[in-house]
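Protein chains in written order, with my numbering: chain A, 1 to 318; chain B, 1 to 701.
A couple of the hints might just be wrong.
Across the chosen pairs, the derived CB separations fall in these ranges [said to hold, decoys possible]:
#1 Val306/A <-> Gly73/B: 14 to 24 Å
#2 Gly60/B <-> Gln245/A: 30 to 40 Å
#3 Leu121/B <-> Thr111/A: 25 to 35 Å
#4 Phe145/A <-> Phe356/B: 47 to 57 Å
In case anyone wonders, no lab produced these hints; they're calculated from the structure.
Because the structure is a prediction, the values reported are computed rather than measured.
Beta carbons: idealized from backbone N, C-alpha and C, even for Gly.
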Amino acid sequence: MTGYVVQRLGAVLIILVAMSILVFLATHALPSNAAALILGQYSTPGMQAALEHKLGFDQPLHLQYWHWASQMLQGDMGLSFEMERPVAPMLWDALSRSAVLALSSMAVVSTVGLALGVIAAVWRGRWPDHAASVFTYLGISLPEFYWGLVFILVFGSLLHLLPSSGFVSLSGGVGPFLAHLIMPVATLTLTLLAHVARLTRSSMVEALESMYVRVARARGLPERRVILRHALRNALIPSITVLAQDFGFLIGGIVAVETVFAYPGLGRMLVTALERQDLPVMQAAILVLTAVYCVANLTADLLYAVANPRIRYGGAID
Amino acid sequence: MNAPLLELRNLTIRYRGGERQVTAVHDVSFALAPGGALAIVGESGSGKSSIAGAILDFLGPAAEITGSILFEGENLSALTPVRRRGILGRRIGAVFQDPFTSLNPALRVGRQIAEPMVHHLGLPLAPALRRAEIALQEMGIERVTEVARAFPHQLSGGMKQRALIAAALACQPPLLILDEPTTALDVTVESQILRLLSRLRRDKGTSLLFISHNLGVVRRLCDDVAVMYASQLVEFGDVRRVLERPAHPYSKGLLASRPPLAAATRGSRLAAIAGQLPTSADPDAGCVFAPRCPFHEPPCSAGSQFLTVAADGHRVRCWKADASGHWPRQQVAADLAPSFRRGDALVNVTRLSKTFDSTRGLTSWQLSLSRGRPVLYRNEKRLAAVNDVTFSISPGEVLGLVGESGCGKSTLGRLLLQLLRQSNGSVEFDGADLAHLPAGALSPFRKQAQIVFQNVGSSLNPRLSVGEALERPLSLFKLAKPDARAKRVDALLDMVRLPAYYRKRFPHQLSGGERQRVAIARALATEPRFIVCDEPVSALDVSVQATIVNLLADLRDAFGLSYLFISHDLAVVAQLSDRIAVMYRGRICEIGTAAEVLAPPHHPYTEMLLASATDDEPVSEPAAVTAPASAGSGCVFATRCQHKLGAVCDEMPPPLKTLTASHAIACHLELAPGAWMPGFTDADGERRQSGARDYQPGPAP
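Assemble the whole structure, with the sequences as input and the hints as a guide.
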């Protein structure tokens with residue numbers, strides 16, 4: 001188990017370093033002149049050169065990277081070109097708002113997805129199975145912004161039940177906070193549900209037909225216990241992996257959803273930074289997203305080990 | 001007579017699958033007295049497991065059950081699901097064939113044993129877990145706390161099956177249903193499990209319903225036996241009566257197809273039941289066994305056969321049961337015993353070793369916190385699967401390789417074919433060292449050396465028809481022009497005695513025996529000189545096994561093939577092999593001609609294998625269920641050895657003692673040729689000799 005954790009941690013570290021290099025290089029390869037952007041259209045080449053020197057853009061690439069990476073590690077993400085404010089506080093605010101959205105979506109996706117998968121497997125070939133399958137496929141076959149717009153149209157404009165954009169922090173009251181979350185979370189859930197539900201269904205079907213489930217039934221255990229304790233326990237193992245992969249899709253989905261619902265999160269911040277070619281914001285945001293994805297996968301790997309005793313306990317008893 | 005514990009009355013089970021209806025069990029009735037033990041015997045597809053399924057209620061809605069299953073006077077099929085669940089686990093325990101899949105891999109072993117006690121007896125978890133440990137102890141397991149806290153993958157097959165028996169008996173049910181509980185286990189472990197079951201029966205008075213295809217196993221444990229064929233009960237009676245004087249031709253055939261534990265001549269063949277189980281027999285159109293019966297006469301097909309009940313309760317479904325004689329034996333024109341000259345070997349193996357090394361990679365690092373501060377250390381795991389093995393196989397010779405699972409026999413087979421690369425030593429084929437063969441020369445070698453695997457279900461591609469599977473090697477090795485391939489495929493099918501129209505079939509449409517025939521035909525396609533047969537008959541029923549062993553013997557004689565015949569069953573190996581090598585933990589501990597290995601003096605491990613294979617009450621073995629390999633450089637078998645001399649066995653590698661030109665034993669013991677090994681004492685304190693004993697059923701000696 002220790003070796004396993006060390007191995008996973010090492011892998012995460014390598015990915016982060018590689019990603020930081022890629023992000024750094026990609027953003028430097030963008031067809032723009034940072035100094036010209038900052039100084040505006042009336043600047044002279046001489047002024048641009050002076051600023052480039054001040055920002056260190058005339059140094060060799062590896063030195064620039066080293067400088068940038070060490071600052072990043074100290075939490076200094078530089079100044080936004082656009083806003084001329086430090087990136088870090090803006091980014092942490094946006095990240096925390098996105099995290100609320102992402103984590104509540106993940107919670108809903110995993111509970112609803114697992115439940116749908118289990119229901120479909122237990123009643124396989126009958127109407128609950130078909131209903132679950134139609135529902136999840138409908139969700140995955142249309143993009144986030146479509147469902148987002150449909151929700152806004154129905155619950156916002158037509159029924160006036162829910163606010164169709166924006167965000168209210170918890171200090172503004174629990175009711176408004178939740179009301180602003182419901183539609184974005186529902187949109188994200190709908191597009192992510194299919195993976196988990198289908199995979200849980202197939203691994204549950206396999207588990208329910210296994211010998212150990214037959215043995216559990218032959219012990220006279222109630223069906224509920226057979227399904228939840230014996231079958232689901234084993235069927236969960238592959239579902240954990242797919243949930244971690246879904247986290248990657250979720251990050252992509254968040255960019256779309258935050259734009260549709262004008263939700264002030266990291267995704268929207270990233271889109272704005274891309275439009276304005278705000279280099280420091282782009283670099284920091286992409287790097288943070290990579291780190292989040294790595295942490296999600298690491299969590300999945302550890303959960304995987306918890307669910308699968310073959311990883312935790314290697315040695316045979318002789 | 002007491003009221004029976006379990007009684008089946010006219011039980012019929014039909015499966016509806018779309019338009020078709022298959023009768024799995026047809027009008028079966030029998031009773032099991034309290035404390036009794038009844039065996040149901042028959043080949044796969046005979047309906048024996050469906051009976052267990054009907055009692056344990058796992059057949060599902062597709063099964064239509066008529067007749068009644070009376071347990072303790074109650075008709076089980078009339079009970080509500082909740083009442084029924086109350087009986088399962090509480091009054092009826094069940095153990096199934098495959099201990100490797102029967103335990104839930106995600107739950108600790110102790111939990112799984114405690115679970116029925118918590119559920120049925122209402123015990124809190126902690127005392128239930130303590131009782132689970134006691135139950136494990138009763139099953140002959142040492143270090144119970146450790147085993148109870150372990151997860152299933154940490155246990156050996158025998159320990160798993162013991163844990164499953166403990167779980168089935170957790171609530172002390174009066175009836176235990178065992179569905180082929182030892183089929184997936186090694187002979188030595190099977191022997192221990194059978195001994196355990198007979199002790200449980202004696203001590204606790206548990207009744208057993210024992211389902212098996214192996215008649216030898218049944219004799220050790222049961223009072224009565226029900227023989228089933230094609231959904232019908234064909235014979236029922238006292239186990240000794242049925243095994244010694246079988247009345248129904250099918251029972252005779254089943255008994256005769258078991259290989260005797262004796263060296264065979266080249267001309268001898270096993271008695272086999274020709275043909276195969278009918279897929280859906282019509283009981284009204286005459287005797288269901290008639291198409292395969294050597295005693296068949298016109299009246300057999302005239303109408304359905306009825307069970308005749310004799311005065312002693314013995315029942316037979318055959319009108320001429322008393323009139324038919326012994327099951328006919330096959331014999332081919334006996335060749336002269338072939339003589340093999342050493343020195344012109346086809347396969348020459350010298351000091352071959354294969355070590356699997358799992359020390360590479362980060363996962364071998366372990367963190368220890370036990371000494372106050374964290375210490376990162378490397379967990380060295382090396383497994384010498386094959387350790388310093390030397391032997392040769394002559395052209396046309398069959399070398400049998402016996403040993404229990406995990407002893408390295410399959411690894412050895414793969415090394416010979418260079419499907420694995422050895423760590424040390426050399427394999428020569430036809431004089432060429434395979435390790436130094438240029439890459440281009442490996443293909444001609446592959447053409448001459450083929451393999452047949454044990455698992456016929458997974459070694460044939462499910463999406464290729466038989467014809468396509470057999471054409472693959474022909475095109476791969478450019479052995480036949482495209483237009484000649486069809487003809488060659490027909491010839492191959494003919495060699496393994498399958499009709500030509502089978503070329504169109506797919507693996508799932510074949511029975512286990514037929515699949516193995518196709519696998520053999522595929523190996524024959526390249527006209528090889530040497531075939532590694534890796535447990536080719538272990539997954540098959542006894543009757544099918546006999547036909548495959550006979551086929552392999554015929555092919556050997558027809559084409560002068562050499563085999564490395566790998567099996568865990570000494571009797572099967574003896575049937576086919578000129579010489580036998582006995583393997584234990586990567587080392588060959590005895591090698592000699594079949595007759596020499598089966599006759600004393602034996603290596604102590606050979607002796608244990610022989611004793612486990614005989615029908616009688618199995619030998620007592622030191623309590624350690626799975627002995628760890630000895631740590632030192634001594635004999636690998638020392639920890640399980642009955643005749644261990646002392647420290648010398650642990651410390652010194654055993655010398656290879658040559659008894660005759662062909663017979664060698666690696667052991668420290670004095671081995672006088674022709675003398676018995678020191679005897680061993682059995683449970684009754686009686687000294688007994690074990691060894692090559694023909695246990696062919698027949699009139700008592």
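Right, here's what the structure says about each hint:
The hinted window of 14 to 24 Å between Val306/A and Gly73/B is violated, with their beta carbons roughly 48 Å apart. The supplied range of 30 to 40 Å is met by Gly60/B and Gln245/A, whose beta-carbon atoms lie about 34 Å from each other. Taking 25 to 35 Å as the suggested C-beta distance range, the pair Leu121/B and Thr111/A conforms, at roughly 34 Å. At about 54 Å, the beta-carbon gap between Phe145/A and Phe356/B stays in the expected band of 47 to 57 Å.
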